[in-house]
Amino acid sequence: MQKITGDIRRATRSMRSTRLWRMLAASLLCCSCLPSQAAPAESIEAQSSGLFVNADGDVLTARHAVIGCRSLYVVKDGKVVTATLRAVSNEDDLAVLATTLKPFLSAVFQRAALPPDRSVAVFAEAYSRLLRMPDRARTLSNAITVPDEGGELQLLSGVKPGASGSAVLGAGGLVLGMIVERVAGVPSSAGMAQVHARNPAQAGGATLVKAVPAAAVKHFLRASGIDFAESDAAQISALQSPAARAFTLGVGVICG
Amino acid sequence: MQKFSQADNPQASARYQRWHATIRWIRRIGAGIGIAAMLTPAEALPAPPLQSQQPPQHWISYAQLASNQFAAWLSDPADDAVVRLHSWMQERLLKGGQGLPPPLVTRVWVAPSGKVERLEFASLGNTQADSDLRALLTSQPLSEPPPPDMRQPMVLQLSLDFPQKQ
Numbered sequence: 001m002q003k004i005t006g007d008i009r010r011a012t013r014s015m016r017s018t019r020l021w022r023m024l025a026a027s028l029l030c031c032s033c034l035p036s037q038a039a040p041a042e043s044i045e046a047q048s049s050g051l052f053v054n055a056d057g058d059v060l061t062a063r064h065a066v067i068g069c070r071s072l073y074v075v076k077d078g079k080v081v082t083a084t085l086r087a088v089s090n091e092d093d094l095a096v097l098a099t100t101l102k103p104f105l106s107a108v109f110q111r112a113a114l115p116p117d118r119s120v121a122v123f124a125e126a127y128s129r130l131l132r133m134p135d136r137a138r139t140l141s142n143a144i145t146v147p148d149e150g151g152e153l154q155l156l157s158g159v160k161p162g163a164s165g166s167a168v169l170g171a172g173g174l175v176l177g178m179i180v181e182r183v184a185g186v187p188s189s190a191g192m193a194q195v196h197a198r199n200p201a202q203a204g205g206a207t208l209v210k211a212v213p214a215a216a217v218k219h220f221l222r223a224s225g226i227d228f229a230e231s232d233a234a235q236i237s238a239l240q241s242p243a244a245r246a247f248t249l250g251v252g253v254i255c256g
Numbered sequence: 001m002q003k004f005s006q007a008d009n010p011q012a013s014a015r016y017q018r019w020h021a022t023i024r025w026i027r028r029i030g031a032g033i034g035i036a037a038m039l040t041p042a043e044a045l046p047a048p049p050l051q052s053q054q055p056p057q058h059w060i061s062y063a064q065l066a067s068n069q070f071a072a073w074l075s076d077p078a079d080d081a082v083v084r085l086h087s088w089m090q091e092r093l094l095k096g097g098q099g100l101p102p103p104l105v106t107r108v109w110v111a112p113s114g115k116v117e118r119l120e121f122a123s124l125g126n127t128q129a130d131s132d133l134r135a136l137l138t139s140q141p142l143s144e145p146p147p148p149d150m151r152q153p154m155v156l157q158l159s160l161d162f163p164q165k166q
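So the protein lines, in turn, are chains A and B.
The first sequence runs 1 to 256 under our numbering.
The second sequence runs 1 to 166 under our numbering.
Just so you know, nobody snuck in bad clues.
Coverage of chain B stretches by chain A, computed from C-beta distances (three or more under 8 Å per stretch; other residues unrestricted):
1) 64-73
2) 145-152
Label-pair ranges, simulated between beta-carbon atoms:
3) A:Arg111 with B:Leu94: 47 to 53 Å
4) A:Ile144 with B:Leu93: 52 to 58 Å
5) B:Pro103 with A:Gly78: 27 to 33 Å
6) A:Ile144 with B:Ala111: 28 to 34 Å
Read the hints as simulated data drawn from the structure, not as lab findings.
Each residue gets a CB set at the ideal place from its N, CA and C atoms; glycine is no exception.
Pulled out of the complex, with its shape left as it was, chain A reads as follows:
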């Protein structure tokens, strides 16, 4: 199975070439500071994605995207900040990074389970692609769920490398899960055929994509003592774009 991460080396070089700078206190009376390290990030390509899970700036992402990294950075709205591993799941491809970022909004996970007998229109995309998505504010969905996969969450989606750690958002803006890997779209006698890793040419078109469902994410966050919100109340109206909300919640993740 192909982990949906991007080109690590290119982003790392770019990261190192960008001079990190230390913010000064804004005033003599200022007792607290903004993130201690930040840099312009327009040219920095994140290898994977993540989403804010609380107002403290904790970022949920895919374990495979952050394990083994000597350093970790999170990109958001033109800033890069250092991140540290706060929690890693032994059961699912999940990890949480602690950051100094203050999100505009954080994820609200759907409390109820998805209907097992029908597909649901959803939105999921890599942070780096959301950044450049021209019609983000008008996009209502770009994927559908595959019914009843034994408690798993799978999508038929065209997400590209870099989408690991992306939120799967329902029409109400609630988080239904988090993207972790792509599987082939056509079942074979041996099960799902694997998509060869590190070949973007084979990543085009809609394929089956595996996500960790909200229930498993919440279980992990609870067990790790990490705050999060859940609800069944829609966070956006039917006429608002889940893509725009995904961009608000999303971050880019860089493994250094």
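Given chain A, put chain B in place with the hints provided.
Below, chain B alone, put in the same frame as chain A:
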């Protein structure tokens, strides 16, 4: 103006408390200049029955987004307008013998593009401070367009303050 205050309604009191808890949470995140927000859209809204006084969740969510984004803009030490506002507040505090400005009620109209297209607030008593505040809150678009069904303007209460230790 239709306020979504539910203090007189015991049944709605819990929800009102939650709303204010949200506001306190918003206040804490201000890293430069504190900001609090209250959603009180539009005079034109007819008085709803008491049990429906709570704004729809997606309005609340958008108001949180707007107020948090305003807080971020007002906390950016790299922005000249923020530095001038801080300086004005310090001068007011240290030389003028005045306290911090009282909470400022702002009325915010957001275009479908997410840009703040109109902003009204009572003068801070200083032309430059007024200009800087207006520039800070209108120069960039919000992260998302507003809900099409949300009554405008949003009424956001800004508490201009120095950051608290976190």
